[in-house]
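Engineer: Now for the letters of each chain:
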Amino acid sequence: MMNRALGTQFCISLSPVARGKTFWAALVAGISMLFAIPGYALESMDDSEMGAVTGQEGVLISLEYYYNSDPSPGVNQGAALGGAFGCSAPNGGTSLANQNCRLALQLENRDFGWLVFKNGHASVVMNRLSLDAAFLGGDPVADNGVSTANKAIALNDEKFRDESGACLFGDCTTTWIDNSPAVRAQYIETGGIYTAGSPGQPGTSTGYNDVLLGMYVEGLAVEYNQPQAGDSWTAAPGWQANNFGSFLGFEIADNNGHQAGIAIGGNFYMYGF
Amino acid sequence: MRRNNSLSHLLLGAALTLGASQVIALQELDDSSLSDVQGAGLAFAMDDFSFRFAPTSYIELTGTQAQGAGWERGDARYYGLSITNGEQIAGMDWHGSGCGSGGAFGNDHLACPMGTDNGGGIGAFASIYDPYVLRAYKYEGYDYSGAYLSTPANMPTVMELIGPSDTDRWRWSFWGELEVDRLNNNPADGALNNSYNVGGADFLQSQTIIHGKPVTKDGRPARLRLMRTTGMDSALYPWADSNTFGINYESALSGDFRFSVRQKANSEDRLHWVPDFEDNEGMYFKNVDAYLPLGQLHYQALTLDAVRSGSERGNFIIELTRIPNIAAVYEDFYCDGPCNINGNGEIQNPNEDTLGYVRWGDFTDFDLNGPSGLPGATDTNNGIYFVGGGTEPSPGAGVTASTQDVTNIGISRIEGMRIHHMKITTLGAGQ
Chain A
1 MMNRALGTQF
11 CISLSPVARG
21 KTFWAALVAG
31 ISMLFAIPGY
41 ALESMDDSEM
51 GAVTGQEGVL
61 ISLEYYYNSD
71 PSPGVNQGAA
81 LGGAFGCSAP
91 NGGTSLANQN
101 CRLALQLENR
111 DFGWLVFKNG
121 HASVVMNRLS
131 LDAAFLGGDP
141 VADNGVSTAN
151 KAIALNDEKF
161 RDESGACLFG
171 DCTTTWIDNS
181 PAVRAQYIET
191 GGIYTAGSPG
201 QPGTSTGYND
211 VLLGMYVEGL
221 AVEYNQPQAG
231 DSWTAAPGWQ
241 ANNFGSFLGF
251 EIADNNGHQA
261 GIAIGGNFYM
271 YGF
Chain B
1001 MRRNNSLSHL
1011 LLGAALTLGA
1021 SQVIALQELD
1031 DSSLSDVQGA
1041 GLAFAMDDFS
1051 FRFAPTSYIE
1061 LTGTQAQGAG
1071 WERGDARYYG
1081 LSITNGEQIA
1091 GMDWHGSGCG
1101 SGGAFGNDHL
1111 ACPMGTDNGG
1121 GIGAFASIYD
1131 PYVLRAYKYE
1141 GYDYSGAYLS
1151 TPANMPTVME
1161 LIGPSDTDRW
1171 RWSFWGELEV
1181 DRLNNNPADG
1191 ALNNSYNVGG
1201 ADFLQSQTII
1211 HGKPVTKDGR
1221 PARLRLMRTT
1231 GMDSALYPWA
1241 DSNTFGINYE
1251 SALSGDFRFS
1261 VRQKANSEDR
1271 LHWVPDFEDN
1281 EGMYFKNVDA
1291 YLPLGQLHYQ
1301 ALTLDAVRSG
1311 SERGNFIIEL
1321 TRIPNIAAVY
1331 EDFYCDGPCN
1341 INGNGEIQNP
1351 NEDTLGYVRW
1361 GDFTDFDLNG
1371 PSGLPGATDT
1381 NNGIYFVGGG
1391 TEPSPGAGVT
1401 ASTQDVTNIG
1411 ISRIEGMRIH
1421 HMKITTLGAG
1431 Q
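Protein sequence lines correspond, in order, to chains A and B.
The first sequence begins at 1 in this note's numbering and counts up by one.
The second sequence begins at 1001 in this note's numbering and counts up by one.
Chain B on its own, in the form it takes in the complex (with noise of 0.2 Å):
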């Protein structure tokens, strides 16, 4: 393996003509001072790092084509997107009428979507000593036609990006509003989330939290790998040379998850209207731990390209290339080193890199005592449970305290994912 330094050379050229000293005045900077720098990557740390969208600001998706006047500007809206502190209970939300947890539901920090403690900064979104790294680098491995590339001339070289391993646990969140058959509603009128409008707009308007951190539970943090894919031209692609921009990209997440979608009672409830969102309804899924390679150095990466043919024409595809059909390239996938089967044809030394899993839940204690280490049926710490509404900001006709009973059904995994192939297509254009 063998670094790529041009990059991270010119970069941290720039970065030291800016970063010398500035206590005292200026200072030179002698060979000796230079020597220290290997020009092997950069790195990048965040300290009290806070992001918020206005409760009113939103990304918007829209639909295909114009059904009439209007229609086009409408169909999914993302409305204040935060990345917020969430080491302290303390939060706020984007109603800014108070929210908060009673303490009954395990939500403590998923009452609120953003965290106020530190002005919402998050202390160690990036430590210094666990930084993000941005570097060139070259790696060994087969590539589309089963060559092993290892020699330094040979081996493709791959930007990529490496998170922190550990950070402060964060807050992100964003409120939706999903909007349909606007032509045949009142867009300025209520509601769906309560029904006592009818003819008015259909929307539906939710809250997302995730508390957590950007790391799987044992540590594993997530990749960005960006290259030009290798070996692409053999018989296996239909194109004499299919070599192009390739993307690698591994997931990891960890921490505690709620959505939701019930409004206080004296909320607008109005479509573009920032709703005041109920403080403990909704669905939970508590601890959970999600590591999802996609791509696979260098035989898999996810790449972008467009219907070629036929009535779909003009429509746009990613995809995670299919495994080529190679032996040594499926026993890199699936082992770790030459694969050890045993005589029931169980591999021995599964490659751990290539698995993904998603765990709704954590584990440990039904690991170790089976059954009896399942979340019971109203428990708030650990697994996929609801929670009603309806209590706050005080009790009407009809609302009793019940309402808010939890039911806690389990806690549920998926292991060893390894991805083939996947294809995603887009729809509408050429209509």
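Chain A on its own, in the form it takes in the complex (with noise of 0.2 Å):
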């Protein structure tokens, strides 16, 4: 994959938030092995002395990713950079060609083209996603368990076993599932409203802001390395090549801005077996 991005601009921020236990747990303990102090032999630290460590009860996620967009925000949150550095106009023809702003792919055995990406730019920021630890089947609040009406459905074990039936996930019954851990990510849902507009100026959301996502894409085609008889142009890695214009773009956007606003609510649990 070939990827010119020059106005590239990612940020995670970890929040310690009042709940759950083992990830900043885990990272204070091993900060704390690096910097233990000469001279003192080391001490045990019982269960209670670790709950009491800041931190130690889950992470809120937040991130914004950036990639060829203006990262400030109000009404230019999201669009495109432009400049010498930047994207072009998109006027169809020559803002096509654009070094800066393109993401090129090729798949195996297609070493003759690129698929490229031209004259795009996206963003994506995440709101306060949590992540925590949590027992699948467990009291919903003191064990992050799944509500009942998740429960509710049959048991399908034969995903939890291989081919000869053997199970592969303890005994492959509700129990042990009810007292798996697992990696619990969650949204509480923000939710949003639509208020309508007046003549002339289109309504508006507010809210939705648990993601807001910005992606376009001028123009879509698969660029060559070599040209055939009769072409004009000359032999170039098709990454870089805008010899075939468009055959498709695409967008995601609000009306109102740059950056779809998203509100997603509910408990993601990822377990193994």
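Keep in mind that a hint or two might mislead.
[Unchecked claim] Just so you have them, the derived chain B footprint on chain A, three or more residues with Cβ under 8 Å:
1. 74 to 82
2. 106 to 116
3. 119 to 130
4. 203 to 212
5. 217 to 225
6. 262 to 270
It should be emphasised that the hints constitute simulated quantities derived from the structure, not laboratory data.
Note that the structure is a prediction, hence the values are computed from the model and not measured.
Glycine included, C-beta positions come from ideal geometry on N, C-alpha and C.
Could you use the hints to bring the two separately framed chains together as a complex?
Structural biologist: Right, dumping it as structure tokens:
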């Protein structure tokens, strides 16, 4: 994959919150070992002492990623970066040749050319995704377990067996699953509302900010490394060429901004067997 | 068959690192507790899940070329994409002005595009007892050259994602906007949905609502498989080594469907303005059940390519590759084991796994009782029917209750779909 992104910014913030345990405790314990004071023998810590470690109760993840796009809050958030090193104003022609804002893919045994995403930019903002540990079937509050409705579905134990029928996950019972640990990611849906517009002004959405997602690709085409007889262009790596225009463009945005607003709610559990 | 465990082990290690007990403080994991982990797969459960694009946020597909200033920015938009609760009737629409079923049109769950019960969350989007499973797996089977692969050394590794076999019912919905001929219209003005304003923008706004589950009625889940194709280097293919990225997808869906365009009398009806759709009008499909296998291990897959010569170069190809013209492969495609064919040339043991079907309506009554089991001309509990629009929020001039009459055109089904070859080529590049 070739990727020329001059305006890329990436930021992750991890915020300790009050619940859960493991993640920060492990991190803090690791750091503590590095900074142990010489001259004192290691002392054991019991559970209650570990329980007092700040941030040991789960984390909140907020993430922002800007690819060739403007990170400044306001009406331009997620807009294409311009200027000599940015994207071109879309015009359906020369702008497709922009070299700063393109991304190209090549699949195995398709090495005659590249699928080129032309004059594009993107951004994603993820707000306050909570990461914690859980027991799958435990109490929804004390153990971060699932809801009653989630457990009302019949067990499909074939999911946890190999092709010979041997169980790969404990004894393949609901009891075993209930007591299994898992990673839980949680979004508490913040929702949003729509306010109808007035003449000349389309309506607006407010809220819908669990995830903000912006994406724009002016054109998409396959570009080849070698010309055929009769072509007027010369050989060059397809990922930097612009001989075939576009067959499709796409965008993810909002009527009033460069990023779509998305409300997400729910608990996501990952476990292995 | 054998599993390839390396990815699962890696991810599982990460999961265990994060996933230790949270109820009491840190607990060590000893060897015995780790020994319960097989590394066979990763499971994903989702509880109280909901997903909603803002009513004004969209995914847009644009045309091939600019046809003038601004035109390259308007073809088809899909707004307000939502996945919400479908177990309860209570719901909301994008406009936020309220919605609901009159109860007379069989649309209790299809009047509102989004569910509001449980905060819109789907309790069992994927149960912990029947989760999504991601695993690397090896299957026996014929490859493109007709070779039967059955040893751990030659069976291709397949990454597969298997969906639940049962879930709570969801509502999936979006509203769409199709705009054409912008150069000759004023994009700021209405409207095509009603034709009062000649010279306005030419557009069509619609809503699409699906109420159901991503499984077939008999509990077959959706499956996605990714692999590197095997055996495409035979004389069947024009390039010396054509093995490439391959996708198999088994689509499964059951439930009810509604597509509608009519807006309420006081809806803005302007380009890019969120419409207030009428609650009953539309085209309905009840008791839909569909299963569509795209690709078969290891001799058919969705592959990606490009036009390699000629005037259409620059365009992209998505192809469900042709079934290789090899007797053993054909036998596998059509029959469950060696083909058992009777004197009339009929297969007695068809391969049900390669059979796709789409049923628009429940055929149980029809299969038992014949024509008397067909839905009546105004029935709304089964089959395909249309509901006229017009009485909401209040009857206006020329609008009467009769415009909401129901016309049921019956039930329909396609059985036994086996796709031998399908090729989709884009157009527009290089023009």
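Engineer: Compare the structure with each hint and give your call.
Structural biologist: Status of each hint after checking the structure:
Coverage of a stretch by a chain is defined here by at least three residues with a beta carbon nearer than 8 Å to that chain's beta carbons; for the stretch 74 to 82 of chain A and chain B the count is 0, and the condition is violated. Three residues within the 8 Å Cβ limit are the bar, and the stretch 106 to 116 of chain A against chain B gives 7, so the coverage statement holds. Counting residues of the stretch 119 to 130 of chain A whose CB falls under 8 Å from any CB of chain B gives 0; the rule of at least 3 is not met. Check on the stretch 203 to 212 of chain A: 5 of its residues sit with their Cβ under 8 Å from a Cβ of chain B, so the three-residue criterion for coverage holds.
Under the rule that three or more residues need a Cβ within less than 8 Å of chain B, the assignment of the stretch 217 to 225 of chain A holds, with 6 such residues. Evaluation of the coverage hint for the stretch 262 to 270 of chain A: fulfilled, as 9 residues show C-beta separations to chain B shorter than 8 Å, against a requirement of three.
Hint compliance for this structure: hints 1 and 3 are broken, all remaining hints hold.
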